[in-house]
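Each protein sequence line maps, in turn, to chains A and B. First residue of the first sequence: 1, per our numbering; consecutive thereafter. First residue of the second sequence: 175, per our numbering; consecutive thereafter.
Treat the hints with care, since some could be wrong.
[Stated by the list, open to error] What the simulated footprint calls covered on chain A by chain B, stretch by stretch (three residues with Cβ under 8 Å from a Cβ of chain B suffice, anywhere in the stretch; the number is not a length):
(1) 80-92
(2) 96-102
(3) 137-145
[As the list claims (entries may be wrong)] Simulated crosslink set (DSSO-like; lysine-lysine; CA at most 27 Å straight-line):
(4) B:Lys185 - A:Lys114
(5) A:Lys52 - B:Lys390
(6) A:Lys66 - A:Lys52
(7) B:Lys393 - B:Lys307
(8) B:Lys316 - A:Lys114
(9) B:Lys401 - A:Lys52
(10) B:Lys390 - B:Lys188
These are calculated hints, taken from the structure and not from any lab test. Quantities reported herein were computed from a predicted structural model and do not represent experimental measurements. Yeah, the Cβ is synthetic: ideal placement off N, Cα and C, and Gly gets one too.
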Amino acid sequence: MAIQGIDIDNLSLKDALDLATLIEEEARDRYEELAEQMQVHHTPGAEAFFRKMVRIEDKHRVELEKRRHELFGSAARRVNRSMIFDIEAPDYDLVRQGMTAREAFAAAMSSEVKAHDFFVAALPRVKNPEVKALFEELRDEEIEHKQWVQAEIDRLPPAPSTPEDDVSDEPVAH
Amino acid sequence: MDTQLPVLQPKDFKSDLKPIWCPGCGDYGVVQALYRALSAIGRPPHEIAFISGIGCSSRIPGYTTAYGFNTVHGRSLPIAQGIKLANPDLLVLCAGGDGDGFSIGGGHLPHAIRRNIDITYIVMDNQVYGLTKGQLSPTAAKGRKTVTSVYGSIERPINPLLQVLSYGAGFVAQSTPADMPGLSAIIEEAIRFPGFAFVNVQSPCVTYGEEHQQMKAQKATMKSLSKLGHDPSDFLKALEWATHYGQELHTGVFYRTPTPGPTYEAQIAERKAALSKNALPRERILELFQTR
């Protein structure tokens with residue numbers, strides 16, 4: 001599991017909400033980073049999609065943060081970004097210069113799958129019933145997100161039949 | 175859970191400069207792992223000097239908020255050593271690619287190691303000169319086809335792990351951005367090591383690298399040395415594992431000396447203290463050179 005120093009078995013609701021908030025924050029920041037990469041490398045379609053994902057992940061983050069604030073006010077956080085690793089953030093190796101919208105959606109899909117798998121793996125270990133309920137809710141949300149991404153992929157025009165290697169001009173020596 | 179939160183967060187080490195590495199490059203993961211390691215170390219950016227050579231990976235100091243110096247090709251280690259000697263209180267990091275470190279700057283590596291200066295040297299090893307569009311680098315496998323070896327390389331590659339172990343480095347590790355938690359932990363451990371620490375990062379080149387070198391392949395094949403039961407204090411076993419370089423991707427600490435020796439800068443300070451007892455004052459020395 002891509003977390004360090006977090007005792008999932010004995011997680012409190014406050015820590016669980018903070019963890020969930022950080023997962024969304026990490027995903028938001030990664031999409032922001034990927035959008036910047038696409039901008040620098042002149043790939044506007046994927047850039048626009050990643051920027052949309054930035055807004056979506058940030059919306060989720062704000063909602064979770066609001067819940068946390070309502071329940072626990074400004075009580076000190078005990079979890080931080082150093083403790084989580086790419087739970088919902090897309091992997092760096094999923095992006096390419098000139099990537100298509102379909103490939104960008106596929107990157108998002110793999111991130112939603114990762115996040116879903118995280119909550120599925122964590123649930124059997126969680127003892128606190130409130131945390132269990134929260135994780136079940138988040139797991140189900142990831143299912144909805146996967147369905148949304150799949151629906152978006154289905155709306156795209158069909159993928160080109162020409163293999164990518166046939167149109168790529170790099171690397172020169174291969 | 176009683177974890178003490180670090181005062182500095184990874185984002186505190188991220189500069190405003192946007193990386194221009196190719197999308198999909200392994201170096202994105204390396205810099206993220208570095209931010210995390212530095213936040214765990216807890217030294218503020220102004221107490222860190224980050225020195226690099228030339229190449230794609232040598233851009234890395236610019237993407238941190240530490241003091242940075244993107245020097246000349248292959249010369250990051252001499253400059254980093256000078257900085258450490260001039261200001262031993264600085265945390266000095268050094269970085270570059272395999273061409274920068276083992277070819278152009280290859281002559282500097284044994285001397286930095288034998289001096290045991292307290293520097294962490296991170297090499298982003300991708301077996302190719304990526305910045306100049308894919309020439310054969312010193313760690314490229316025999317038979318590798320590139321723009322400068324169109325029929326396949328006829329040279330044997332350098333084994334950097336064996337090299338640094340044989341030079342006497344007290345800390346030798348290898349990791350990959352395909353294992354972010356592992357990479358971050360190794361960089362942190364290397365920085366904490368009191369002496370010269372070497373971290374070889376198998377950071378794939380997405381543009382000129384081969385399929386089997388990419389992160390997807392690494393995730394499927396990498397093997398953790400600790401899970402294989404390796405004892406990092408066992409030097410001979412470390413040498414044996416190092417011989418697998420190029421065939422298998424082993425991650426973790428190959429060697430950590432159980433008895434770290436004195437650092438060069440500590441010995442210099444000691445020597446200065448000893449000699450200064452009988453040293454002439456500066457004015458008296460200058461007087462000796464005055465013409466009568």
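Quick rundown of the hints versus the structure:
no. : hint                : verdict
1   : 80-92               : holds (count 8)
2   : 96-102              : holds (count 3)
3   : 137-145             : violated (count 0)
4   : B:Lys185 - A:Lys114 : holds (23 Å)
5   : A:Lys52 - B:Lys390  : holds (26 Å)
6   : A:Lys66 - A:Lys52   : holds (21 Å)
7   : B:Lys393 - B:Lys307 : holds (26 Å)
8   : B:Lys316 - A:Lys114 : violated (37 Å)
9   : B:Lys401 - A:Lys52  : violated (41 Å)
10  : B:Lys390 - B:Lys188 : holds (26 Å)
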